[in-house]
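> Chain by chain, the residues:
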Amino acid sequence: MKPVSRLQTPNIYELNRAERMKRLVWRGIVYLILIFVGLICLLPFYSMIISSTHSNTDISTEFLLLPGDQFIENYKRLIGTVNIWRGFLNSIIITVSSTVLTLYFSALTAFGFSKYKFKYSNLLFGFILATMMIPGEISIIGFFRLMGNFNMLNTYWPLILPGIANAFGTFFLKQNCDSAVSDEILESARMDGCGEWKAFHRLVLPLMTPALATFGIFAFIAQWNSFLMPVITLFDNNLQPLPVMIAMTRGKFGTDYGAQYVGIVISVVPIMILFAFLSRKIMSGVSAGALKE
Amino acid sequence: MNRKKSRFGYLFIAPYFVIFIIFSLYPILYSFYMSFTHWDGFSDPVFTGLENYVRLVHNPYFYQSIANTFIIWIISIVPELIIALVLALILNEKFIRGRHLFRAVFYFPNIVTPITIGVLASLMFDWQTGSFNKLLVALHLIDQPVNWFSHPFLAQVIVASIMCWQWFGFNMLIYTAGLQSIPDTLYEAAEIDGANKFQVAVRIVLPLLKPVILFTVITSIIGGMQIFEVPLVAGNSSGNSTQTMMVYLYETAFKRFQYGYGSAVSYGIFVIILVLSLFSLKVSSDRKKTQPGIKEG
Chain Z
0 MKPVSRLQTP NIYELNRAER MKRLVWRGIV YLILIFVGLI CLLPFYSMII
50 SSTHSNTDIS TEFLLLPGDQ FIENYKRLIG TVNIWRGFLN SIIITVSSTV
100 LTLYFSALTA FGFSKYKFKY SNLLFGFILA TMMIPGEISI IGFFRLMGNF
150 NMLNTYWPLI LPGIANAFGT FFLKQNCDSA VSDEILESAR MDGCGEWKAF
200 HRLVLPLMTP ALATFGIFAF IAQWNSFLMP VITLFDNNLQ PLPVMIAMTR
250 GKFGTDYGAQ YVGIVISVVP IMILFAFLSR KIMSGVSAGA LKE
Chain H
0 MNRKKSRFGY LFIAPYFVIF IIFSLYPILY SFYMSFTHWD GFSDPVFTGL
50 ENYVRLVHNP YFYQSIANTF IIWIISIVPE LIIALVLALI LNEKFIRGRH
100 LFRAVFYFPN IVTPITIGVL ASLMFDWQTG SFNKLLVALH LIDQPVNWFS
150 HPFLAQVIVA SIMCWQWFGF NMLIYTAGLQ SIPDTLYEAA EIDGANKFQV
200 AVRIVLPLLK PVILFTVITS IIGGMQIFEV PLVAGNSSGN STQTMMVYLY
250 ETAFKRFQYG YGSAVSYGIF VIILVLSLFS LKVSSDRKKT QPGIKEG
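Chains as they are written, first to last, in numbering that gives the first Met the number 0: chain Z, 0 to 292; chain H, 0 to 296.
FYI, nobody ran anything at the bench for these hints, they're computed from the structure. For clarity, every value in this text was computed on a predicted model and none was experimentally measured. Some hints could be false.
[Unchecked claim] Below, computed lysine-lysine pairings styled on DSSO-like, alpha-carbon distance capped at 27 Å:
| hint | chain 1 | residue 1 | chain 2 | residue 2 |
| --- | --- | --- | --- | --- |
| 1 | H | K93 | H | K209 |
| 2 | Z | K75 | Z | K251 |
| 3 | H | K281 | H | K209 |
| 4 | H | K254 | Z | K280 |
| 5 | Z | K280 | H | K209 |
| 6 | H | K93 | Z | K251 |
| 7 | Z | K21 | H | K93 |
| 8 | Z | K116 | Z | K21 |
| 9 | Z | K118 | Z | K21 |
[Unchecked claim] So these bits of chain H aren't anywhere near chain Z, every CB distance computed over 10 Å:
| hint | residue |
| --- | --- |
| 10 | S23 |
| 11 | I65 |
| 12 | F69 |
| 13 | V145 |
| 14 | V156 |
| 15 | S284 |
Yeah, the Cβ is synthetic: ideal placement off N, Cα and C, and Gly gets one too.
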């Protein structure tokens, strides 16, 4: 923290020339640190994009800084072996359906806990909170065998249905429901003859939209990135989502670096674009989610 | 609060509990039962009593996977939290421009698929063709390319560095949120009293940030014990120094088809995580009693 320690003097007009220089130098150093860390964060992705445009010989012999012209060639070899766009489509199918289910049912459960009085409601909600502490892996082998018994292996059901019971989503949305949906507005809706389901769909869901959007981004990213569940429940390579296909390129293209680089470019660039548009929302969601616990 | 007393409450929370019981609770109990059986995935499970657990507590590979997990976690978490804290403090300074851009750039690696990060790392740190070695050679820092993944400890360091790189931005955001909840009046009061930035950071910010720091330590213990994707795809090529507990579980069950023993492994991991979580919860609640800090959230 040394650089910052010198930057405290509040009023620039009180400073003499030497002090002003000193302050300028320290600020420069602080910016250099920030830029250096930023480069470390981005250079691997730059290197990845650059490498994907070169031939295997170039990748293995030279230190590459500028783009080449082999992207299409590498891409052709990649899709000749791994059906990467199919993986992309699979990822979208799985992620969108599970995110929609997660959002709808988390909101429903949150609404139930937030606005209704029933026996053991505090106990049940406490139970949901407690389950957040349980690491997922203790259930995976039982889950795997159970899915086999249900004949659900090699289908998307084991990846989509569990989203209905999302402890964090329920917790996050209940807090929002407590504050964003007032009891008065629900009462007046009921007096106007609005049923409970209708109230949920017409009133509660719209009122919770901002929180649903924040949580939805997280549910989406978590599902998009998930690897373990699809790799154990799906056997058919054509059903696999993107991360599993990316892992497959590792085994299939031992030394075809160009094809592997193209594969990871395809998996990263959409996330980059998404992040460019939603970074503020995503980052404020991270802090909100963490500090409310 | 005037909540409505009605059967709708049960109706609305019912789907959650039905799905939870079928897809989580039952599998957890089922895994527990399976941990007392021998099952290869084809024939029916055979009850074998405590055999899997006896094998587990005598298995050096399991202990090694625990040690590997801890080493990788320690090497990644210490720099991770320090870098996160320093950057959060710097970016909290009023004079910094482009704050949002810097935060976005630092956070970006966190949302990229860990599998992709693992494959990218294995390519970049490749002995002969990786760009990292070429960069070091070009900068004359090394003469010969280093075979990172063939050396047990270097492979752990690489995996830990990747974890650190991927997660420091996340913790930085959490510290930033913590810093923003410290009231401005405290800074102003310190400024009037003539405290410099360093004193403010050590005497005011750090004590007030303690609950948030503890939160990140606890969450990273639980997350760190589950390190999986990066060591799986970018791990040690010649030994098992990057075989973490989760990689061991995955390979036992889904590569070697020892589902019964794998269930025992998963319960072994669960016990370790449980003990650590309880321990850290205890530490944090003790601290909270003696250290009146800001209330989180």
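> Taking the hints in turn, state whether each one holds.
Now for the hints, and whether the structure bears them out:
{"no.": "1", "hint": "H/K93 x H/K209", "result": "holds, 22 Å"}
{"no.": "2", "hint": "Z/K75 x Z/K251", "result": "holds, 15 Å"}
{"no.": "3", "hint": "H/K281 x H/K209", "result": "holds, 15 Å"}
{"no.": "4", "hint": "H/K254 x Z/K280", "result": "violated, 40 Å"}
{"no.": "5", "hint": "Z/K280 x H/K209", "result": "holds, 26 Å"}
{"no.": "6", "hint": "H/K93 x Z/K251", "result": "violated, 51 Å"}
{"no.": "7", "hint": "Z/K21 x H/K93", "result": "holds, 18 Å"}
{"no.": "8", "hint": "Z/K116 x Z/K21", "result": "violated, 64 Å"}
{"no.": "9", "hint": "Z/K118 x Z/K21", "result": "violated, 67 Å"}
{"no.": "10", "hint": "S23", "result": "violated, 6 Å"}
{"no.": "11", "hint": "I65", "result": "holds, 14 Å"}
{"no.": "12", "hint": "F69", "result": "holds, 16 Å"}
{"no.": "13", "hint": "V145", "result": "holds, 15 Å"}
{"no.": "14", "hint": "V156", "result": "holds, 16 Å"}
{"no.": "15", "hint": "S284", "result": "holds, 14 Å"}
Comparing the model with each earlier hint shows violations of hints 4, 6, 8, 9, 10; every other hint is respected.
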